[in-house]
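Working from the sequences, and respecting the hints, build out all of it.
Residues in the sequence shown are numbered from 4 upward in steps of one, following the working numbering.
One or more of the hints may lead you astray.
Restraint ranges, calculated between C-beta atoms of paired labels, are given here [to be verified]: (1) Leu197 with His62: 30 to 38 Å; (2) Thr177 with Ser89: 29 to 37 Å; (3) Pro173 with Leu51: 15 to 23 Å; (4) Glu199 with Thr148: 14 to 22 Å; (5) Leu196 with Leu275: 35 to 43 Å; (6) Leu150 with Gly200: 25 to 33 Å; (7) Leu150 with Ala204: 35 to 43 Å.
Hints are computed from structural coordinates only; laboratory data are not their basis. In this text, a Cβ means the ideal position worked out from N, Cα and C, and glycines have one as well.
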Amino acid sequence: MEANSWRIPLTTAIAPIIWGSTYYLTRNFLPPEYPLTAATIRALPAGLILLAITRKLPHGIWWIRTLIISTLTISGFFILVYISGSKLPSSIASMIMALSPIATITMAHLLLNEKITPRTLSGGFLGLLGVFTLLGGTTGHLDPTGLLAAGAGMISSALGFVLTRRWKPPVNATTFTAWQLTLGGMITTPIALLAEGIMPAPSMSTTAAFAYIVFFASILAYICWFTGVTRLPASTVSIIGLLNPLTGLVLGTVLAGEVLSFVQVLGCLAILGGIYAGVRTPSPQKS
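Written out as structure tokens, the structure is:
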């Protein structure tokens, strides 16, 4: 690929890398008994900040379309992820979420008429194999509710990204991100209050973790992600998303002072190989 053809994929890759870094913060600094409140704090303030900057609201049919997409990719996805996280070992939930590229490739073919090419299929399956290798050998109780929630969350996010590509927002990525985060946060707010009540005043470390999540994991990451969603094939974006579990594992291992096993290194290489295979475009033939 030429250098400039990598610009959008590399911009998109910033999002899953940042999201992968939030696992460590969530486990070590955020209150585990307030997951829905944490999701609301992650979405709503970020959306309102971006709205104050962009000063533009949806109009016409885009109120409904944004509500549908934000439910699929923000509020509904967050709620399903937290349900699966409370019912399943994180390794099992991650494996199910790693099926997202395959689901997205299928939906993109059905809804967008995107061709299923050997390149995208090989990239998706190689990345999936890498995730399974990273997390393989883990055991845990397979709660049916948790399995359904993880599967529904994976399908929800994939469908949201495909619909974004199909409907093509009439605004730039920053404005569209503002709409989604605001509406998504507004949906989760009453649910969080009813289910969890009011969260006690956070400590300084928790406040710092929330600040990182709002400004980096929400504002910056979602702008980068929807830049890719609106400009790259849906299947390509989903394969780039495999950087999420890879970053989470590597960062957690480094911060914990552990060493990756040989099998885990092979898994990392498989994920990177899958991403490269799924993202690269054939070189133009010379006449």
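Given a hinted range of 29 to 37 Å, is it respected by the beta-carbon distance of Thr177 and Ser89?
holds (33 Å)
Is the gap between the beta carbons of Leu197 and His62 within 30 to 38 Å?
holds (31 Å)
Assuming the hint says 35 to 43 Å, is it satisfied by the Cβ distance from Leu196 to Leu275 or not?
Hint holds: Cβ distance 42 Å, inside 35 to 43 Å.
Lying within 14 to 22 Å: is that true of the beta-carbon distance Glu199 to Thr148?
holds (18 Å)
Could you see if the CB distance from Pro173 to Leu51 stays within 15 to 23 Å?
Between Pro173 and Leu51, where Cβ atoms are some 21 Å apart, the hint holds.
Can the suggested window of 35 to 43 Å be confirmed for the beta-carbon pair Leu150 and Ala204?
With Cβ atoms ~36 Å apart, the hint holds.
At the C-beta level, are Leu150 and Gly200 separated by a distance inside 25 to 33 Å?
holds (28 Å)
When the structure is compared with the earlier hints, no violation turns up for any of them.
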